[in-house]
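There are 2 protein chains.
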Amino acid sequence: MDKKAIILLSGGLDSATTLFLAKNRGFSLNALVFDYGQKHKKEVKFAEKLAKLTKTEYTIIKVRLPWSRSSLTGSAESFPKRLSKSVPSTYVSGRNIIFLSYAASYAESIGASAIFIGAHTEDYSGYPDCRKGFLESFNRAVNLGIADKRIKFHYPLIDKNKKEIIQLGLKMEVPFEFTWSCYKGKKLPCKQCDSCRFRINAFKELGLEDPLLKK
Amino acid sequence: MDKKAIILLSGGLDSATTLFLAKNRGFSLNALVFDYGQKHKKEVKFAEKLAKLTKTEYTIIKVRLPWSRSSLTGSAESFPKRLSKSVPSTYVSGRNIIFLSYAASYAESIGASAIFIGAHTEDYSGYPDCRKGFLESFNRAVNLGIADKRIKFHYPLIDKNKKEIIQLGLKMEVPFEFTWSCYKGKKLPCKQCDSCRFRINAFKELGLEDPLLKK
Numbered sequence: 001m002d003k004k005a006i007i008l009l010s011g012g013l014d015s016a017t018t019l020f021l022a023k024n025r026g027f028s029l030n031a032l033v034f035d036y037g038q039k040h041k042k043e044v045k046f047a048e049k050l051a052k053l054t055k056t057e058y059t060i061i062k063v064r065l066p067w068s069r070s071s072l073t074g075s076a077e078s079f080p081k082r083l084s085k086s087v088p089s090t091y092v093s094g095r096n097i098i099f100l101s102y103a104a105s106y107a108e109s110i111g112a113s114a115i116f117i118g119a120h121t122e123d124y125s126g127y128p129d130c131r132k133g134f135l136e137s138f139n140r141a142v143n144l145g146i147a148d149k150r151i152k153f154h155y156p157l158i159d160k161n162k163k164e165i166i167q168l169g170l171k172m173e174v175p176f177e178f179t180w181s182c183y184k185g186k187k188l189p190c191k192q193c194d195s196c197r198f199r200i201n202a203f204k205e206l207g208l209e210d211p212l213l214k215k
Numbered sequence: 001m002d003k004k005a006i007i008l009l010s011g012g013l014d015s016a017t018t019l020f021l022a023k024n025r026g027f028s029l030n031a032l033v034f035d036y037g038q039k040h041k042k043e044v045k046f047a048e049k050l051a052k053l054t055k056t057e058y059t060i061i062k063v064r065l066p067w068s069r070s071s072l073t074g075s076a077e078s079f080p081k082r083l084s085k086s087v088p089s090t091y092v093s094g095r096n097i098i099f100l101s102y103a104a105s106y107a108e109s110i111g112a113s114a115i116f117i118g119a120h121t122e123d124y125s126g127y128p129d130c131r132k133g134f135l136e137s138f139n140r141a142v143n144l145g146i147a148d149k150r151i152k153f154h155y156p157l158i159d160k161n162k163k164e165i166i167q168l169g170l171k172m173e174v175p176f177e178f179t180w181s182c183y184k185g186k187k188l189p190c191k192q193c194d195s196c197r198f199r200i201n202a203f204k205e206l207g208l209e210d211p212l213l214k215k
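One line per chain: the protein sequences are A and B, in this order. For the first sequence, our numbering puts the final residue at 215, and the numbers step up evenly by one. For the second sequence, our numbering puts the final residue at 215, and the numbers step up evenly by one.
Keep in mind that the hints are not guaranteed to be accurate.
Below, computed lysine-lysine pairings styled on DSSO-like, alpha-carbon distance capped at 27 Å [unchecked claim]:
#1 A:Lys62 with B:Lys3
#2 A:Lys42 with B:Lys62
#3 B:Lys45 with A:Lys132
#4 B:Lys62 with A:Lys41
#5 B:Lys62 with A:Lys45
#6 B:Lys55 with A:Lys152
Computed, partial: chain A to chain B, Cβ under 10 Å [to be verified]:
#7 Phe20
#8 Pro66
#9 Gly126
#10 Arg131
Keep in mind the hints are simulated off the structure, nothing from the lab. A virtual CB, placed ideally from N, CA and C, is assigned to each residue, including glycine.
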């Protein structure tokens, strides 16, 4: 069995947990890290740290989206809560579509047959590109658009919530102190953005403190 | 009816013809031009010329594919004929997958409901990402991955051959002297690569000389 895989590594705790899962399943990984103009570019440094720590080869790809209206890539300091009833303002249109497309190109080029992504539905139900239906459909489309035709997307966290992901990560000794979630990307987590709240609450529910806050 | 559309503009004659078709159908266009490390980067200049000539707003996006093994992006001077029985060595893994992903992000962000691509099957049957089945499947997947859900891909040349595309272009007065096809991207077309041969032969079949060769 070919066990070469590409993993999308963001620097957050979901992709970190996915990295450990994939390694434990015996995959040899090449990580893709994206600098897409996110305000919390700091997460790229965390992704690098994690890749080095786990001796995972990684490539940083710059993606420019000059048309983005997301509060995550815009210049506004404030974060409006939602773009519409169902979509948070932090939604970056096409983000996972673009990331997975690069991953498909990379995978086919190096003969990897798997792509790992830490997407999960529950916390970010407002992000259409984190849903299982999209990932399944995109996987099918990608295999029609490459010569290789045998890439399988893996999204092992898809049905888990943040608490379950942290539990899983702790079992595998994921160093969560080397993961970054805050959308603001300042020196310390803001504790107020959606991403901070999900993370801090999940640690709390487990009776733990976020290791990032202990520093 | 919303008539805003994104068009993938490469600088070649297929996308030029598609541009004129879309304009004639009443679409207001925003062009996306990709600098993806192609040897014939010269085509980007031709795409720019054509956009300016037709007063089409355009954005150039840099795409880096450090893993690419394509002879079109590699440093080799020579072009091996094929990578495998069915795939030419000029195949760039994931190219249209990535380009269409950017287009989807752009389209959703500016509220465009259509994406035009000049892909066609006959000449490049070896390119999996130029086939109708892929384009249909990718269109479905993209609509599951965006919040907007109503982008329609248009590939009006899909069933045409080069000769038919040129005939169509001539009717619309597409300035083919401002389109570039040669994979080598030197001062003059090499007349030998697949892309040159298809183009020159098609003009010949119509009893015409490629206007690019008249210069």
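Each hint tested on the structure:
no., hint, verdict
1, A:Lys62 with B:Lys3, "violated (31 Å)"
2, A:Lys42 with B:Lys62, "holds (22 Å)"
3, B:Lys45 with A:Lys132, "violated (40 Å)"
4, B:Lys62 with A:Lys41, "holds (19 Å)"
5, B:Lys62 with A:Lys45, "holds (22 Å)"
6, B:Lys55 with A:Lys152, "violated (42 Å)"
7, Phe20, "violated (24 Å)"
8, Pro66, "holds (6 Å)"
9, Gly126, "holds (8 Å)"
10, Arg131, "holds (7 Å)"
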